[in-house]
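Below are the chains, spelled out letter by letter.
There are 2 protein chains.
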Amino acid sequence: MNAQRDYADLVQRGLSLDLTRGKPSPRQLDLANDLLKLPTSYKAADGTDGRNYGNLQGLAELRELFAPLLQVPAEQLVVGGNSSLAVMHDTIVHALLTKVPGAERRWVEEPEITFLCPVPGYDRHFTICERFGIKMVPVPMNGEGPDMDVVERLVAEDASVKGIWCVPKYSNPSGVTYSDETVRRLAAMSAAAPDFRIFWDNAYAVHHLTDTHAELADLLALCAEHGNADRAFVFGSTSKVTLAGSGVSFFGSSPANVKWFLANTAKQSIGPDKLNQLRHVEFLRDTEGVAAHMRKHAELVWPKFELVDRVLAKELGDLGTWTSPQGGYFISLEVSHAAEVVARAKAAGIALTPAGATHPYGQDPDDRTIRIAPTYPDLEELEQAITGLAVCVRAVAEERA
Amino acid sequence: MNAQRDYADLVQRGLSLDLTRGKPSPRQLDLANDLLKLPTSYKAADGTDGRNYGNLQGLAELRELFAPLLQVPAEQLVVGGNSSLAVMHDTIVHALLTKVPGAERRWVEEPEITFLCPVPGYDRHFTICERFGIKMVPVPMNGEGPDMDVVERLVAEDASVKGIWCVPKYSNPSGVTYSDETVRRLAAMSAAAPDFRIFWDNAYAVHHLTDTHAELADLLALCAEHGNADRAFVFGSTSKVTLAGSGVSFFGSSPANVKWFLANTAKQSIGPDKLNQLRHVEFLRDTEGVAAHMRKHAELVWPKFELVDRVLAKELGDLGTWTSPQGGYFISLEVSHAAEVVARAKAAGIALTPAGATHPYGQDPDDRTIRIAPTYPDLEELEQAITGLAVCVRAVAEERA
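Chains A and B, in that order, are what the protein sequence lines are. Numbering of the first sequence is given in full-length UniProt numbering, commencing with residue 1 and proceeding in unit increments. Numbering of the second sequence is given in full-length UniProt numbering, commencing with residue 1 and proceeding in unit increments.
Worth flagging that the hints you see were computed from the coordinates, not collected in a lab. Be aware that a few hints might be false.
Result set (DSBU-like, lysine-lysine): computed pairs, CA atoms no more than 35 Å apart in a straight line [said to hold, decoys possible]:
{"no.": "1", "chain 1": "A", "residue 1": "K99", "chain 2": "B", "residue 2": "K296"}
{"no.": "2", "chain 1": "A", "residue 1": "K267", "chain 2": "B", "residue 2": "K296"}
{"no.": "3", "chain 1": "B", "residue 1": "K135", "chain 2": "B", "residue 2": "K267"}
{"no.": "4", "chain 1": "A", "residue 1": "K135", "chain 2": "B", "residue 2": "K99"}
{"no.": "5", "chain 1": "A", "residue 1": "K37", "chain 2": "B", "residue 2": "K296"}
{"no.": "6", "chain 1": "A", "residue 1": "K259", "chain 2": "B", "residue 2": "K267"}
{"no.": "7", "chain 1": "B", "residue 1": "K99", "chain 2": "A", "residue 2": "K259"}
Which chain A residues stay away from chain B? Per the calculated CB distances, all over 10 Å, these [as the list claims (entries may be wrong)]:
{"no.": "8", "residue": "V11"}
{"no.": "9", "residue": "E334"}
{"no.": "10", "residue": "H337"}
{"no.": "11", "residue": "E383"}
{"no.": "12", "residue": "E398"}
Computed from a prediction, not measured in an experiment: that's the story for all the values here. Backbone N, C-alpha and C define an ideal beta-carbon position, used for all residues, glycine too.
Isolated chain A, as found in the complex (with noise of 0.2 Å):
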């Protein structure tokens, strides 16, 4: 019972480690400590004076910086506050209350709204739904992206199918990025709802972690291309290039959608805060700017993805399967009994995302995936703290065989 020993061994030593979300370490803020002297100038590109109200779309020179990071048109792109999450539940709430293009009614008027959610997916896309009674269809992801063949059925025969979540680029949790094939049969597929629309996440669309750069089709033009320009919502945000609680954040689409979006939002705020706009301009200057900042971040974040796949390899063997992204924040793990292996970890003082959690209404069917964060904890923490994983993982499998 060389596995009961070693989790007994594990329990004993007392860890307190924690993997459970992504959160960038205080080295990788470090990077961006500069935006706490900025900005130098409170003038706008044009003039205008940033510490005043106004200026509900963001500054001109932050939406063409970001323009071809994010795959949109600067004319098409608005800049929000410090988080992408609340402009996707607030494009939840415009839909909710207020028509989209080419809806027939607003989305709380339907009788049942249901999104798709490519599992393993996002739990806090799935929290939005949930708060607001939307029905939730898990779609399988492959090493692809969603398996379209599901999608493009749902999405056709379903009229009450309003919505599907998207994490493309170093997908959370899997790391996959969606194959240019994926991403135009997403593009070009018939709708049964005039008003269906793809929630774009695009969180990590400039987060390498390795020389090989993930490439993903560019949406927007493709959507446009098949005669479904306002299928799209595109979201991103700075939250882990500069600093996770006060970055920028952004929402792009076709130009129908912006003005929908636009005039929702003139309702909501006088503008956003422009003075952060500025510190991010000046500090991150251009996309080679954001490139080379994001190197910086590898330097630090490559060691711990490596070292999540080298200890898995050494320990688990043939006892779980987990993926080996090149960007992004997560990897994940297959195992079986995985909240039991959570449960595990946790009782040895390693808090793991719960088990379920990448699955709608927290059911992972198969009880297999695990989510790990590898950013915060340092080095010597991960390899413990994976380690012990391992140890959990095996002892559960001991037990269960």
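We have chain A; now place chain B onto it with these hints.
Leaving out everything else, chain B in the frame of chain A:
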């Protein structure tokens, strides 16, 4: 026909002046320029890293600083983003989509929702109601706040009345501060709707312009005292304390309402911009720091209020009446044929808030109220604008005589 000749002269001068919005002047914003170099440390008082995710309620040190100023216990105060308008908007969204404490159903399920709107009032409050199809019923303001006989009757009789908008101190636009008796009656009155709420937009809580400081009774305490603990939603912000676009906002209420509010915002965001909170704590320091800063504002703003009062007294005679507030941002002018006066002023290059904007649906039944926002222009421009406005009032009066 003196007034017509004066008006012709005015048009000839080709002015371009803007009195539309309550915007701080560049010199007022200069007072807070030190914020651009802050914070000097990203550590909160409890040691947490202000740069990372988290702390949905906001930093304790900032809540403690503003608790006495907003008359809300620090533990019942929540810090929001840069816009209290967004907090008000989102509070209504939350009430529409998630039952408020005491409610029988979500507001979106109610056949009709009515808000009482003391008039003259703030147009952006009305815009939020219009967006969501909330019926607005005007209630006349007097020198002590809204006519409480009317308010008490409507709130007691009509269960569709779910809210009332109040700017209780240095009210927008009349400058009136609610009397103790008005506040007591608001707290104590019976309401037909169990989920009736007072939307207490205390935007000008610390915005004294003279040594005569208006005192406002403590609504939250009075509501609790009268067995209506959950009746008040308190809002505030530093938009007109520090920087209009880059301040912090506040939501305060009873423990049950705060729990409800945070449960909703927890689905919306992983936390506010805490660096901006630290910036504000470091810059404003304490209650006396806020008061000292507001005195600097008053030195810039009070001469403008005096000027408006002086010019109107000299030029208008008995052709109008206006308020002479000792605080806040606005002066309310009452004249005959207000819409025509505003149109004349516009033709002469003087932009005013549209006539009627101070009333629900933009309809001022008496066509009398003009909101004057004197803060943004410098003294010379302001004198030109108010003198020109008086010319327009006289020209219209002469024509209509």
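For each hint, the structure was consulted:
1. A:K99 x B:K296: The given pair, whose Cα atoms are some 46 Å apart, is violated under the 35 Å limit.
2. A:K267 x B:K296: holds (31 Å)
3. B:K135 x B:K267: Holds, at about 28 Å.
4. A:K135 x B:K99: holds (19 Å)
5. A:K37 x B:K296: Distance of about 25 Å is within 35 Å: holds.
6. A:K259 x B:K267: holds (25 Å)
7. B:K99 x A:K259: The hint holds at about 30 Å.
8. V11: Holds: least Cβ distance 28 Å, greater than 10 Å.
9. E334: Holds, since 26 Å exceeds 10 Å.
10. H337: holds (30 Å)
11. E383: Given a closest Cβ separation of 22 Å, the condition holds.
12. E398: holds (37 Å)
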